[in-house]
Amino acid sequence: MRKKLFMCLLLLVGVYFAQAQNGIIGEKVYKTKCLVCHQADGGGVPNLNAPLDGATNVVGSDIARLVKIIRYGYNERVALDGYYYSNAMPANPALTSTEIAAVLSYIRNSWSNKAPSVTLAQVQKLLKKK
Amino acid sequence: MKKQLLLMVFGCIVGLSVVHAQENAGLKLPAGFKAHLFAENIGQARHIAITQSGVIFAKLNYPNKDGKSIIRLEDKDKDGVADNITGWANYGGTGIYVRGDNLYASSDDAVYQYKLDAKDEVLNASAPNTIIKGLLSRRQHASKSITLDPKGNIYVNIGAYSNACQEKDRTPGSKGMMPCPILDSAGGVWKFDGLKTNQTYVDGKRYATGLRNVIGLDWNTTSNSLFVTQHGRDQLNSFFPALYTNEQNAELPGETMYEVKEGDDCGWPYIYYDPMQKKKIISPEYGGDGKKEGGNNVLDPIVAFPAHMAPMSLLFYKGDQFPAKYKDGAFIAFHGSWNRAPLPQEGYFVAFIPFKGGKPSGDWEIFANGFSGLPADTKVVNPRNAKARPCGLAESADGALYVSDDSKGAIFKITFNK
Numbered sequence: 009m010r011k012k013l014f015m016c017l018l019l020l021v022g023v024y025f026a027q028a029q030n031g032i033i034g035e036k037v038y039k040t041k042c043l044v045c046h047q048a049d050g051g052g053v054p055n056l057n058a059p060l061d062g063a064t065n066v067v068g069s070d071i072a073r074l075v076k077i078i079r080y081g082y083n084e085r086v087a088l089d090g091y092y093y094s095n096a097m098p099a100n101p102a103l104t105s106t107e108i109a110a111v112l113s114y115i116r117n118s119w120s121n122k123a124p125s126v127t128l129a130q131v132q133k134l135l136k137k138k
Numbered sequence: 123m124k125k126q127l128l129l130m131v132f133g134c135i136v137g138l139s140v141v142h143a144q145e146n147a148g149l150k151l152p153a154g155f156k157a158h159l160f161a162e163n164i165g166q167a168r169h170i171a172i173t174q175s176g177v178i179f180a181k182l183n184y185p186n187k188d189g190k191s192i193i194r195l196e197d198k199d200k201d202g203v204a205d206n207i208t209g210w211a212n213y214g215g216t217g218i219y220v221r222g223d224n225l226y227a228s229s230d231d232a233v234y235q236y237k238l239d240a241k242d243e244v245l246n247a248s249a250p251n252t253i254i255k256g257l258l259s260r261r262q263h264a265s266k267s268i269t270l271d272p273k274g275n276i277y278v279n280i281g282a283y284s285n286a287c288q289e290k291d292r293t294p295g296s297k298g299m300m301p302c303p304i305l306d307s308a309g310g311v312w313k314f315d316g317l318k319t320n321q322t323y324v325d326g327k328r329y330a331t332g333l334r335n336v337i338g339l340d341w342n343t344t345s346n347s348l349f350v351t352q353h354g355r356d357q358l359n360s361f362f363p364a365l366y367t368n369e370q371n372a373e374l375p376g377e378t379m380y381e382v383k384e385g386d387d388c389g390w391p392y393i394y395y396d397p398m399q400k401k402k403i404i405s406p407e408y409g410g411d412g413k414k415e416g417g418n419n420v421l422d423p424i425v426a427f428p429a430h431m432a433p434m435s436l437l438f439y440k441g442d443q444f445p446a447k448y449k450d451g452a453f454i455a456f457h458g459s460w461n462r463a464p465l466p467q468e469g470y471f472v473a474f475i476p477f478k479g480g481k482p483s484g485d486w487e488i489f490a491n492g493f494s495g496l497p498a499d500t501k502v503v504n505p506r507n508a509k510a511r512p513c514g515l516a517e518s519a520d521g522a523l524y525v526s527d528d529s530k531g532a533i534f535k536i537t538f539n540k
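So the protein sequences, as listed, match chains A and B. All residue numbers for the first sequence refer to my numbering, where the first residue is 9 and numbers rise by one. All residue numbers for the second sequence refer to my numbering, where the first residue is 123 and numbers rise by one.
Careful, some of the hints might be misleading.
Label-pair ranges, simulated between beta-carbon atoms [claimed, not checked]: (1) B:203 <-> A:84: 38 to 44 Å; (2) B:441 <-> A:102: 36 to 42 Å; (3) B:370 <-> A:29: 39 to 45 Å; (4) B:479 <-> A:35: 29 to 35 Å; (5) A:69 <-> B:370: 22 to 28 Å; (6) B:163 <-> A:76: 49 to 55 Å; (7) B:487 <-> A:102: 41 to 47 Å; (8) A:76 <-> B:184: 26 to 32 Å; (9) A:102 <-> B:496: 53 to 59 Å.
If you only want the chain B side, here are some residues facing chain A, beta carbon under 10 Å, derived [as the list claims (entries may be wrong)]: (10) 184; (11) 210; (12) 212; (13) 261; (14) 285; (15) 290; (16) 293; (17) 298; (18) 357; (19) 359; (20) 364; (21) 368; (22) 370; (23) 507.
Cut-off 25 Å, straight-line C-alpha distance, at most; resulting in silico cross-link-like pairs (DSS-like, lysine-lysine) [to be verified]: (24) B:440 <-> B:241; (25) B:383 <-> B:156; (26) A:41 <-> B:241; (27) B:440 <-> B:481; (28) B:383 <-> B:297; (29) A:76 <-> B:530; (30) B:190 <-> B:447; (31) A:76 <-> A:11; (32) A:41 <-> B:501; (33) B:447 <-> B:481; (34) A:76 <-> B:501; (35) A:12 <-> A:76; (36) B:290 <-> A:39; (37) A:39 <-> B:501; (38) B:509 <-> B:190; (39) B:481 <-> A:41; (40) B:481 <-> B:509.
No lab work stands behind these hints: they were computed from the structure. Think of the CB as a built atom: it goes at the ideal place given N, C-alpha and C, for glycine as much as any other residue.
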């Protein structure tokens, strides 16, 4: 019984650290790849770069779309919550699935955003499907 | 009891500081100048134009909630605040210009002309003359700014739909295209007849090229020439981290002002202007390393400002209301940067440069600051935190200066009392 409890605790601690690690990776990717356009507060730039904070698409359930945008870029006019954004989003071929899952989880849970995290398995499945 | 007293004192302090913050509509101005809000919340007000009688027309980036995108603002009781606000037109855009009874307004692919009656009311709101149509509008830098020369020619900015003419826009490692194919139909200022209808590219002339995106432009009647302000390229550090640090990107390239004559080339995308080295430097997409000079045959800027501040309007001041040093000088509205991140942003003010004989006669200075609504000396970090972003400029017949805000749509009126 004691052993089980110990294992359970260990697992919890493990999950906690894995999540924390994920958070660190997510924040690091955000700061190096995303921040310059989407800004430190996720607010974007009016008319140019789409906001991530409070954006319905970003906290929505279409994870496939988000993964695709990060991996392959987006070179169309962005229509979001009544406004349009004009700048092109570059592709990120060098990001690993782990990094994509981490940065998406970070974005979906930063500022005022509160949405389920994105798992590595989800990203791997989506990118394989392509 | 004590608590109540404390609350009252606190309330007074808050109340006083609010009143204090609203002095001059929150703007910081040189001594003797005053500012107040002429209008508020009219929508993303880009450029503005004013008639002889003082009626203001603002062009909105998006139609407002009533579906109007040209807003007419009149101060009927002459108390300095618009009290009669109406509008028409359903297309977003930036450019607006009035001369006599002709009012010009631009969408992102056309320029229209409306007729005004003796009371500056529009006569053909639903049936304007189409002056120019079919201009390239490919999302990026799509806004069309307009101005007229004394002969009635109209000058239209057609911004480059690209950051640096890379094969893949804003993509690390993507090369600059040689020659840049964008320049045949964008990345410059085009000249058309101000009165002919239904003109297209074939009727116009590429007046000046090598301009990434000009939003501010005005005709200088002293030098009898066109002056333009360019938005310099972005993201040197994001694409070339080995050549540029975050700190260098925040200061490069300079935002530039040019005096352009027919046929002039200002060098985009092959070079950019480094305001510290005071040199034209070859763009890294075209083999530059941050030091190699280029562009021997292209114009030098007449003024260079700090990077990324986004000059949205240029206006040569003709009036006598402001002190003598302002006469014939240039006001420039900077609606503020984003590409200085992760460093704090710059701009969000109106600058002034004195001119004599059609040339700058001194250094540029900040004329009106505080549009962001943040405490003095606090820099904007995230653009959406700025309360107002200066965009359009207009001068009334009696020499007052109006500044529009393309964030929420305030219009500030700045006056001087002797």
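Verification of the hints:
{"no.": "1", "hint": "B:203 <-> A:84: 38 to 44 Å", "in the structure": "42 Å, holds"}
{"no.": "2", "hint": "B:441 <-> A:102: 36 to 42 Å", "in the structure": "56 Å, violated"}
{"no.": "3", "hint": "B:370 <-> A:29: 39 to 45 Å", "in the structure": "32 Å, violated"}
{"no.": "4", "hint": "B:479 <-> A:35: 29 to 35 Å", "in the structure": "55 Å, violated"}
{"no.": "5", "hint": "A:69 <-> B:370: 22 to 28 Å", "in the structure": "41 Å, violated"}
{"no.": "6", "hint": "B:163 <-> A:76: 49 to 55 Å", "in the structure": "37 Å, violated"}
{"no.": "7", "hint": "B:487 <-> A:102: 41 to 47 Å", "in the structure": "45 Å, holds"}
{"no.": "8", "hint": "A:76 <-> B:184: 26 to 32 Å", "in the structure": "28 Å, holds"}
{"no.": "9", "hint": "A:102 <-> B:496: 53 to 59 Å", "in the structure": "37 Å, violated"}
{"no.": "10", "hint": "184", "in the structure": "7 Å, holds"}
{"no.": "11", "hint": "210", "in the structure": "21 Å, violated"}
{"no.": "12", "hint": "212", "in the structure": "15 Å, violated"}
{"no.": "13", "hint": "261", "in the structure": "4 Å, holds"}
{"no.": "14", "hint": "285", "in the structure": "8 Å, holds"}
{"no.": "15", "hint": "290", "in the structure": "7 Å, holds"}
{"no.": "16", "hint": "293", "in the structure": "4 Å, holds"}
{"no.": "17", "hint": "298", "in the structure": "15 Å, violated"}
{"no.": "18", "hint": "357", "in the structure": "7 Å, holds"}
{"no.": "19", "hint": "359", "in the structure": "8 Å, holds"}
{"no.": "20", "hint": "364", "in the structure": "14 Å, violated"}
{"no.": "21", "hint": "368", "in the structure": "9 Å, holds"}
{"no.": "22", "hint": "370", "in the structure": "14 Å, violated"}
{"no.": "23", "hint": "507", "in the structure": "7 Å, holds"}
{"no.": "24", "hint": "B:440 <-> B:241", "in the structure": "24 Å, holds"}
{"no.": "25", "hint": "B:383 <-> B:156", "in the structure": "37 Å, violated"}
{"no.": "26", "hint": "A:41 <-> B:241", "in the structure": "54 Å, violated"}
{"no.": "27", "hint": "B:440 <-> B:481", "in the structure": "15 Å, holds"}
{"no.": "28", "hint": "B:383 <-> B:297", "in the structure": "30 Å, violated"}
{"no.": "29", "hint": "A:76 <-> B:530", "in the structure": "33 Å, violated"}
{"no.": "30", "hint": "B:190 <-> B:447", "in the structure": "39 Å, violated"}
{"no.": "31", "hint": "A:76 <-> A:11", "in the structure": "44 Å, violated"}
{"no.": "32", "hint": "A:41 <-> B:501", "in the structure": "23 Å, holds"}
{"no.": "33", "hint": "B:447 <-> B:481", "in the structure": "14 Å, holds"}
{"no.": "34", "hint": "A:76 <-> B:501", "in the structure": "35 Å, violated"}
{"no.": "35", "hint": "A:12 <-> A:76", "in the structure": "41 Å, violated"}
{"no.": "36", "hint": "B:290 <-> A:39", "in the structure": "23 Å, holds"}
{"no.": "37", "hint": "A:39 <-> B:501", "in the structure": "20 Å, holds"}
{"no.": "38", "hint": "B:509 <-> B:190", "in the structure": "23 Å, holds"}
{"no.": "39", "hint": "B:481 <-> A:41", "in the structure": "42 Å, violated"}
{"no.": "40", "hint": "B:481 <-> B:509", "in the structure": "34 Å, violated"}
Consistency with the previously given hints fails for numbers 2, 3, 4, 5, 6, 9, 11, 12, 17, 20, 22, 25, 26, 28, 29, 30, 31, 34, 35, 39, 40, ordered from lowest to highest.
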